[in-house]
Amino acid sequence: MNINRRHFLVMMPAAAIAWKYVLAGAPEDAPNYTMSEHWWGMLLDIPKCIGCGNCVRACQAENDVPNGYFRTWVERYLVTDWHLEHPEVISPDGGKEGFPVAQEEANGKYFFVPKMCNHCADSPCTQVCPVGATFIGPDGVVLIDPNYCLGCAYCVQACPYGCRYIHPEKRVADKCTLCYHRITKGLTTACCEACPTGARQLVDLKNPNDSIHAFLKTHDVQVLKPQMATSAKAFYNGLDGSVR
Amino acid sequence: MAQCDKTSLAESDTNFQTIWCDEETVSAMNGVEGYMYPNEVRLYWSVLIVLYPYITGLVAGAFILASLVRIFHVKAVAPTYRLALLTALSFLIVAPLPLTLHLGQPQRAPEMYFTPHATSAMAMFGYVYLWYLMAVLVFEIWLDYRREIVLLSESATGWRRMLYRIMTLGSNNISERSLAIDERAGWIITLVGIPSAFILHGYVGFIFGSLKANPWWNSPLMPVVFIFSAMVSGIAAVMLLYMLTTKLRRLRIDMPCVDTIAKYLFYIFIIDFSLEMLDLVHRIYEADESFRSISFMVHTKLYFSQIILQIYIGTFIPLFLLALVQVKKLSEAARKTIYVVSGCLIEVAIISMRWNVVIGGQLFSKSFLGFTTYKMSLVTREGLLMSIALLILPLFILWLLVKLLPPWPDQESGKIHALPTPVS
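Chains as they are written, first to last, in this note's numbering: chain A, 1 to 244; chain B, 245 to 668.
Bear in mind the hints are in silico, worked out from the structure with no lab data behind them.
Predicted model only: the values in this text are computed from it and were never measured.
All residues carry an ideal CB built from backbone N, CA and C; glycine is no exception.
Please note: incorrect hints may appear among the correct ones.
Dumping the calculated SDA-like pairs for lysine to any residue here, alpha-carbon to alpha-carbon at most 25 Å [said to hold, decoys possible]:
1) 647/B / 418/B
2) 456/B / 228/A
3) 217/A / 229/A
4) 20/A / 371/B
Partner residues are not named here, just some residues of chain B that face chain A (Cβ under 7 Å, in silico) [unchecked claim]:
5) 284
6) 287
7) 361
8) 413
9) 414
Residues on chain B that point at chain A, a partial pick, calculated with CB under 7 Å [stated by the list, open to error]:
10) 279
11) 281
12) 344
13) 347
14) 349
15) 356
16) 367
17) 589
18) 591
19) 613
20) 617
Model the full assembly from the supplied sequences, consistent with the hints where possible.
Given below as structure tokens:
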């Protein structure tokens, strides 16, 4: 092949970019799992949540989440008649060890709200990543490539739900993966498995037999901060208007 | 983790409530008041990210001042033309440093260029930066200095001769015709450079303004405010540098020059302040769901940096002083003092503004139910000392550049022309 200097100079950047893709490698093997056959989400049933913190502990153990950071956490709301828009919210250590006893004389209602990455279909976090290290897969799970992330924290700023953090040791962005290593093997997530009341349910919207379809038809299900238009896939049953 | 302070918002008129907290929790909660999502308690963008828009702004502002001479034929400010270009270059070289130092994985920074994510404002900024650095600033400076570089490559000795020879890039033709082409090309580059400078800093504003998750940042006015504040800070910086370098060279300050710069500074500062006030009034009048939270923050955690430093000290005082010069005939000494004081206060205002945007935007919870505290470290990679070093570094680079490419006439060879001939 006759390549002159001009052609060589033109081809060099293209070859460099191609080499970067080769270095990035192929995705991890998951036998019997076809990404395009799934569209994962999570159903969070607020009336069922008892604030035990099992989910937080299970998540931290399963995913080696560092202390003080949370892939999932539980909040306790107290909404009083006078402060409908300004509830009192607590989440001591992410609700990991449960909550203090509620005040009996409190004039309002208490309830628990489990929080996690919403795995938004139109996620602002993946939009802003400067290198595409965080992305949404064909199965609807928003993931981060820790070997590629710069640790710039732009995604942390862009997430409206506060679900991301910079891992203090790995120094890259981290968040809920929907226990991807488990769900691709046909298991459910650690938090769902640990929940004693079934307040969390992994759902697959592409599976016609998933009970989520019937549930959505018969319940008032909402997402957090719908005004953000992120097409969130964390579906909340019984969500109070004061929850943010 | 995320509870409230005992002396909390309940005492304020915001009706935020003090909620469950015992003594141990209070001491362990790192200055959190009200409720923060647990991952929000720490700030992820530090003082280095405050420096990044500040330094980039100085670049854009300095370049706009230079373009006044070349494109808009404002001959009075010509003595600052080359100094403005070199200032812009010095700060532009340093601009990516705070960003890179802040990264968790700084060694991966080049990935932004190799495999950029097309929808990311930050990734595209990398290209805007590179375009501005190489296609505008370095090219314009090279064209402008080419004649001197060629002459110096012949007259200098030793390593300097070698350096100047490299800098000629093998282009030794300094005939009249060749210089006329340089002049024409330089004019075109400056013309392209003005929108490029606007894009450079507008883009910095866009990085913040386009984040819908954060109401303190999310505003279409943000890029415009950033552009005007950039012009203010850059013009003030070049004015101060010109006065300082002239004093150091024991020469007389060209008063018509600094008077003209101050006039432009005054007008642009008025536009900048008006835009910021428009943003503020809009927020107050609209009073959306984030307003109570943000208003509380401005009246407490940002009170000193925003109300006192940025607005009272950094804006009202210099605006009053600069207005005074416009309406009253003052002595030369008084005007000089006013320009130095105003210039310094304006820099304080703009760096405070960057602080209020970057740090302020992370002090309140996206739940709008609480606030956290920023604790700046001292000697860490993202600490105070590093920030000071990053502010001094461009001045050191400028000193080197001035030694290498003297921006004023009658220096060294005595052959250098500081003023480009405007092309009509």
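Evaluation of the provided hints:
no.: 1; hint: 647/B / 418/B; verdict: 22 Å, holds
no.: 2; hint: 456/B / 228/A; verdict: 7 Å, holds
no.: 3; hint: 217/A / 229/A; verdict: 21 Å, holds
no.: 4; hint: 20/A / 371/B; verdict: 19 Å, holds
no.: 5; hint: 284; verdict: 5 Å, holds
no.: 6; hint: 287; verdict: 9 Å, violated
no.: 7; hint: 361; verdict: 4 Å, holds
no.: 8; hint: 413; verdict: 17 Å, violated
no.: 9; hint: 414; verdict: 17 Å, violated
no.: 10; hint: 279; verdict: 4 Å, holds
no.: 11; hint: 281; verdict: 3 Å, holds
no.: 12; hint: 344; verdict: 9 Å, violated
no.: 13; hint: 347; verdict: 5 Å, holds
no.: 14; hint: 349; verdict: 5 Å, holds
no.: 15; hint: 356; verdict: 5 Å, holds
no.: 16; hint: 367; verdict: 4 Å, holds
no.: 17; hint: 589; verdict: 30 Å, violated
no.: 18; hint: 591; verdict: 26 Å, violated
no.: 19; hint: 613; verdict: 6 Å, holds
no.: 20; hint: 617; verdict: 16 Å, violated
Consistency note: the structure conflicts with the earlier hints numbered 6, 8, 9, 12, 17, 18, 20.
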